[in-house]
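**Student:** Starting from the known structure of chain X, fit chain R onto it as the hints suggest.
Line order of the protein sequences matches chains X and R. Using my numbering, the letters of the first sequence map in sequence onto residues 1 to 327. Using my numbering, the letters of the second sequence map in sequence onto residues 1001 to 1709.
Honestly, I wouldn't trust all of these hints.
Stated by the list, open to error - With a Cα cut of at most 25 Å, we get these calculated SDA-like pairs of lysine to any residue: (1) R:K1111 with X:G139; (2) R:K1708 with R:E1353; (3) X:K304 with R:K1694.
Claimed, not checked - Covered by chain X, according to a simulated footprint, are these stretches of chain R (three or more residues, beta-carbon under 8 Å): (4) 1579-1585; (5) 1590-1598; (6) 1620-1631; (7) 1645-1652.
Rather than coming from a laboratory, the hints here were simulated on the basis of the structure. The beta-carbon is built from N, C-alpha and C at its ideal position, and this holds for glycine as well.
Residue strings, one per chain:
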Amino acid sequence: MNAFEYARPATVAEAVGLLSKQEGETAPLAGGTDLLSLMKDFLVEPKRVVSLMGIEPLAEIAVGASELRIGATVTLDALLQAGFLNQWGAKWPALWHAAAGIKSPQLRAMGTVGGELLQRPRCWYFRRGHGLLAQDAKGESLVPRGDHRYHAIFGNAGPAKFVHPSSLAPALIALGAEAELVSPRGVRTVKVEELYRAPQAAGERETTLAADELLTAVVLKKVAPKSATYEVRPRQGLDWPLVAASVALELDGGKVKAARVALGHVAPTPWPVDAAALVGKPLDEAAIGAFAVAALQGATPLAKNAYKVELAQVAIRRAFAAALKGI
Amino acid sequence: MVDLAWPDPNDCSILGKRTPRIDGPDKTTGRAKYTYDINRPRMLWAKFATCPYGRAKVATLDTSAAEAMPGVVAVEVIAPVGTECKVHFQEVACVAAESEEVAREAARRIKVTWEVLEPCVSDDDVEMAGNKAKKGKEQLTDGFDAALAGAAVVSETEVGCSILTHCCLESHGSMVEVAEQDGKTAVTAWSSTQAVSGVGGEFASAIGVEGSQVHVICQHMGGGFGSKFGADLWGALAARLAKKTGRPVKVMLERDMEIALAGSRPSAFATMRVGVKDDGEIVAWESAAWGSGGNTGGMGAPGLPYVFGNIPHKKTQTTPIFTNSGNARAWRAPNHPQMCLLTMAALSDAAAELGMDELEFFRKNLGLTARADVYREELAIAAERIGWAKKWIPRGEQKGVVRRGLGLAMHTWGGGPHTSNVQCTLHPDGAVEIRCGTQDLGVGARTAIAVVAAETFGLPLEKITVLIGDNRYPQSDGSGGSTTIGAISTATRDACVKAVNQMLAAVAPELNAPAEQLVAKEGMVRAAGSTAGGLPFADACRRIGAQPIVTMGTTQRGNGMSSSQVGGVQMAEVEVDCETGIIRVVKMVAVQDVGRIIDLLTTESQVRGALIMGVCAALYEERVMDPTTGALLNPDLEFYKLAGIADVGELDVHMMQTDEHLKRGVIGIGEPPAISPMAAISNAVANAIGARVKRCPMTPDRVLAALKA
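Just chain X, same shape as in the assembly (with noise of 0.2 Å):
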């Protein structure tokens, strides 16, 4: 790790000033389960690290009749107790469903939500050095002709080949959640899925955030009791899943009213499934079988990880029955 400056601004409008604009040159930090590691390898270099834990506004969840608000530095672990207290989890179960799937007291009693949100790939040629596009001297990448059964089989026509790692972005997107975020140019609103891009040159972040702002916070506007997260997840403790399908629904007299479907560790964004196929049907298993297969259609896997198709269906599968049954 390098030696950096360290600030801990105590409002938003002094972190944001604090930070360049010069991608790269500044880091803000949470909880630092991702942001310190990324140093401790080189991977990223910052000159400065501001840390957002001293603003406390930034750490309040505030739960509404059917608005959840969720400061970008509350923990998991918080976010998961505030369930506890005010029930919010029986209003967005597929919230729930992905914050209880992170599997590490140590990850959920540090990491925060904003920080989860916007962590970097896990993808190993990234993270042993070989760039966020794993290209080789020649630009080529390393991944179609390397290991690459944990990477994406969506999004992937692109030099991007990794997969995004976020947790929580699959349910917020489902969940129709927006994201705030704060620059020197002002306050703007953005839905959850237009945090993230597929980068297309090297030195090209995965998020659409300006070097200068800061994601402040995520608000859910409208309760969706009827919605799930299901994450194909090999170990019972921590383990990034191999696929994840967050799935929120709206239903009329036994049929689909509205329908929102978005994936997890298929693509270099987390991935939301049209679902305007299923509006007006009514949900059996036949159907839901049948949008699973659909929404997989376009998939693009590589040599050897086509499974995760035949996965991220299962997922769909089984996040709609558990929101059809409500757990």
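**Tutor:** For chain R alone, kept in the frame of chain X given last:
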């Protein structure tokens, strides 16, 4: 007088009972100091610049920036220009600096340019390995073709397992201090080693001093599994740099180098055919096996078929593959778990092909093993404990999404004792000290020694002081091959029996009894069989005079003291989600013969630990290499996956402790229970899903592929 022979089990107060480790509290509270924990005044940290490729030649090397960095005290080049590095993370240069951080940064500032060469990291594909695969000669017994042709059923199996690494929780390394004392060089080496008495010479020769000048200390170690016999380059460097700088130097590997270089277990794959008669009798075995242990090839003994070595007609062939990856080191029963997987899978498939209950099939063929009676007894106990008769469903009969399966495997091992020497000091105040230059690789060495001494002197455990992990104590061989417990227990018994008998002789006149009739039991010295009179132990010891009694004991072989050769049976029950390919181990049963047990709790713990390692190998653990760069992709505990406690399932351990077993004496238990788990789990999965998963670890992709095949 006390006999050397192990006392009657019914007469024992602590020997063979469940005794918690005496150093357990030290370990759980952090009071125990591992090599990694040793920090000395003015100590330097050493870190490495390493090769980032699987195979590359050092074209240019510039250490000037590192040398110029404040805090850097010494830089040593290991791979000068022109050296061909043959494995990712191979050491190029080493930096010793005032702090760990400075050393790490300085190592990064060593500039190397590389002539990158094509690596071979394909350890599972003979074709792809090309001329790196050295095809061995076919071994053929007379009548093989006729036997196979005459078989009622010939089953075919293809299965294998990936390379694992030792991945010791405490990485490899040493902390070495070189001082001038009384005109002589004195070297102190704190080394994470499984050979305390033997490793000193390597430090000595690294800096040209005599072995007598090296003091080796290893009070506690965080895992070795067979990979920590030598000082290695890292220990030698610590010594060289300590001599060069005149300051203590700590060289401990970082996790990535630990996984890359500090030992691996070879992969093994095979295609096999088994010929059986209608009634299940095995008549022919054919195998073509391949695998790699890195630069050193692979595919060593015990060979195929495993355990069922007496199959009458055999045709076997092996192909070791030489790859650009970290070398193999002995790994808890070298090559046995792999050969067990290959053999037990092929036999299980033969049983399934024949439509025979797997348990029945193995029973039927026990005559082909070296320990049929023991296995028969163990199979019966294991079957009872896992509920085989009730739960067995023939392979392929289940149709649901989640299916359950049973599988079994059998293993064999030696476990005879190595040479240990033990010194017993019995002080006139009754204090007992035992010294032995052994180490605790996981055996529970301190506890085992204390248990034997306490039993022999008739004292409670806390009255015994055990001193180990230091080469100034009497010589004891390295801990490998399950050889330690038989050695240290019998040598301790020998030393303590001699000491107690000297004391009994001294106190006999006062007790008005011949020494022959006296014993030390329950803290008293009195006539055997009596419950009154006599002297408290400490009072009796005062009669030995001002000087302590000092005796030496050594390993006792045979005569019921120690022995070799065990068999073991394990069964697994699994649950497989056939949509996700995720396997859950429901229960493992291990039934093991081990001769006479010193501490039942530690013994059972050894078996449980082995089962957990087996679950890791069966489901999660493997080294992953990039074929293009030859780089290791998972030299970390994030993607070098081990089981968490929730993944382990119920572990049921049964030790064979009938009179027949006890009278054999003490036998080692480190290796044997680590052999069968992977095979038993593989067989259980095949039973559940009706297909053989071709490779361990049985990850979801491989399980789903097997279901489609």
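**Student:** State for each hint whether it applies.
**Tutor:** Status of the hints after comparison with the structure:
1. R:K1111 with X:G139: holds, 22 Å
2. R:K1708 with R:E1353: holds, 18 Å
3. X:K304 with R:K1694: holds, 15 Å
4. 1579-1585: Since 5 is at least three, the answer is holds.
5. 1590-1598: As far as the segment 1590-1598 of chain R goes, the hint is violated, because 0 residues have Cβ atoms under 8 Å from chain X.
6. 1620-1631: It holds: at least three residues are needed, and the segment 1620-1631 of chain R offers 8 whose Cβ sits within less than 8 Å of chain X.
7. 1645-1652: holds (count 3)
Checked against the numbered hints given earlier, this structure breaks only hint 5.
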